[in-house]
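Protein chains in written order, with my numbering: chain C, 1 to 165; chain V, 1 to 298.
The set of hints was computed from the structure by calculation and includes no laboratory data.
Glycine included, each C-beta is placed from N, C-alpha and C at the ideal position.
You may find that some hints are simply not true.
What the hints assert, rightly or not - Incomplete in silico selection of chain V near chain C, CB under 10 Å:
#1 E14
#2 S16
#3 L43
#4 S83
#5 L85
#6 V227
#7 F257
To be verified - Residues of chain C clear of chain V, computed beta-carbon distances all greater than 12 Å:
#8 G4
#9 Y114
#10 F143
#11 Y154
Given next are the chains, with one letter for each unit.
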Amino acid sequence: MKSGWFAGLAVAAVILDSAVVPEIEILGARPDFLVLVVAYAGLVFGARPATIVGFILGLIVDAEQPDYLGLHALSLSLIGFASASAWEHLVRGSLFVQICVLLGAALAHDIIYYVVYYRNHLDMFARFFVRFGLLGAAYTAAFAVVIHVLARIYTWRSIAGVTRA
Amino acid sequence: MLAQLTRVLRGNRELSTLLICVALSIMCLVLPPGAQQRISFVLSEALLGHVERLSSVFAEYRRVGEENAALRHIAIDLMTERSALVAYRHENQRLRELVGFLVAFPEEELAEMIPARVIGMPGGRVVESMKIDKGEDRRLRPGMPIVVPGGLVGKIASVFHDRSLVEPLTSASSGVSVITERGRVRGVVKPRFGAASRRVSWEIDYVQARSNVREGDLVVTSGLGEVYPPGINVGRVIRTVEGPLTMSIEVELAVDFSTVEQVFVLTGRAGVPAKLDGLRERLIAELDNERAALEGRP
C-alpha cells in the first residue's frame with residue numbers, strides 16, 4: 001500500500017469520523033476511525049510514521065476543542081507508537097491478532113483521553129467507559145474484519161500477510 | 001545523564017519521535033487558553049475548514065438523495081393526478097360539445113334523441129362497425145341514424161337486447177345520399193379502397209361533369225332515401241377531378257371515427273320519420289273529420 005493512499009485514507013478517516021460515525025452508532029457506541037488509521041499505520045509503515053500520523057490527526061481533531069488542544073494528539077501518538085511496537089512482536093497477518101490490537105488500541109485511546117478529560121470526575125469516567133468505551137472499542141475492532149477482507153481482495157500484503165495464488 | 005539520554009535518543013529514532021510528539025502535545029495542553037484558542041483557530045481554518053466543507057458536501061449529498069426520493073414520490077403522485085385531470089378535461093370538453101349540440105335542437109326533436117356510449121370498435125384501416133350500449137330495451141330499431149356533434153356517424157345495422165351494431169359511414173357497404181350546401185349538387189358518398197396504396201377515401205358518385213362543386217364545399221345529407229334526415233353534416237369537398245361525363249369529388253368526412261365515444265340515436269328516423277308519422281296521423285284525423293263532416297251533411 002502506497003503512502004499516498006494512506007494519506008488519503010487518513011483524510012477520509014477524519015471526514016468519516018465527523019460525518020458518518022454519528023450515523024452508524026450502535027447503542028451509543030461509535031467506532032473510532034482515527035484509532036483504526038493510526039493502528040494500521042503502525043502495521044504498514046512502522047512506529048515513527050504511525051506516531052507522526054497519530055500526532056497530526058490528533059491535532060486536527062483537537063482543533064475542534066481548544067480547551068483540550070493536544071489531548072487527542074497525545075493519545076493518538078502513543079497509540080501509534082504502542083501499536084507499532086506491538087506489531088513487531090505479533091503475527092501481523094492474523095485477523096485475530098489485528099482484532100486484539102485494535103481492541104487494545106481503542107481501549108487505550110479512550111482511557112488516555114477520558115482520564116485527562118474527566119480528571120476531576122473519575123467516577124464519571126468509569127461510568128462513561130463502561131457504558132460507551134468498551135462497546136465502542138469492540139465496534140472499532142470489528143472493522144478489522146472489513147479491513148482484513150479488503151486487504152485480501154486487494155493483496156495488501158502488509159495487512160493480509162499472504163498473497164493470493 | 002543528559003548526554004546519556006541524548007545518546008539513547010539518537011540511537012532510537014522511533015522513541016525520539018514519540019517523545020517529541022508527546023512533548024508537543026503536552027505543550028499544547030498546558031498552553032494558556034488564549035494561545036490554545038489561537039492555535040485551534042489557525043488549525044480549524046487551515047485544515048478543518050476543508051474537512052468540514054467535505055463533510056458538508058457528504059451531508060448535502062445525503063440530503064439531496066433523500067430529497068430526490070421524496071420528490072420522485074411527489075412526481076409520481078402528480079403524474080397520476082395529471083393523467084386524471086387530463087381525462088377530466090377531455091370529458092369536460094366532450095360534454096360541453098354535447099351540451100352545445102343538444103341545445104341547438106328544438107325540444108320535440110331532442111326527445112327523439114337517445115344518447116349512447118360506444119362500447120366496441122374493431123381496429124383496422126377503417127372503422128367497419130361500432131357497438132353501442134343501447135338496444136331493444138330502449139326501442140332502437142335497425143336503420144335509425146347515429147349522429148355526433150361533429151356530424152353523421154352512420155345507422156344502426158342490427159339490434160340486440162341491450163346492444164346495437166352500427167354501420168358507420170366508413171363501412172365498405174355504406175352509402176349516403178348527400179347534397180353540397182352551396183351548389184345543391186346531389187350524389188352518394190361511398191368509400192373507395194385503394195388496393196395498392198392501402199389508402200381509403202370517400203367520394204361522391206353520380207355527379208355530372210361541370211357541376212357547381214368547389215373544394216371546401218360543405219357536404220350534408222340530402223334526406224333522400226328516408227334513412228337520414230336532411231342537413232346533417234357529412235364532410236367537406238377536398239378535391240374535384242373533372243371527367244368527360246362525370247365528376248370525381250373527394251370528401252373529407254366531418255367525424256373522426258377513431259375518437260367517437262358518445263353518440264346520439266335519432267329514434268324518430270327509422271324508415272318513416274316520427275314527424276312524418278305525426279303528420280300522417282294528423283292528416284288521417286283531418287280526413288276522418290272531413291269525411292264525418294261530409295257524412296253529416298244533409
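Now the hints, each set against the structure:
no.	hint	in the structure
1	E14	holds (4 Å)
2	S16	holds (9 Å)
3	L43	holds (4 Å)
4	S83	violated (38 Å)
5	L85	violated (41 Å)
6	V227	violated (79 Å)
7	F257	violated (62 Å)
8	G4	holds (17 Å)
9	Y114	holds (15 Å)
10	F143	holds (19 Å)
11	Y154	holds (23 Å)
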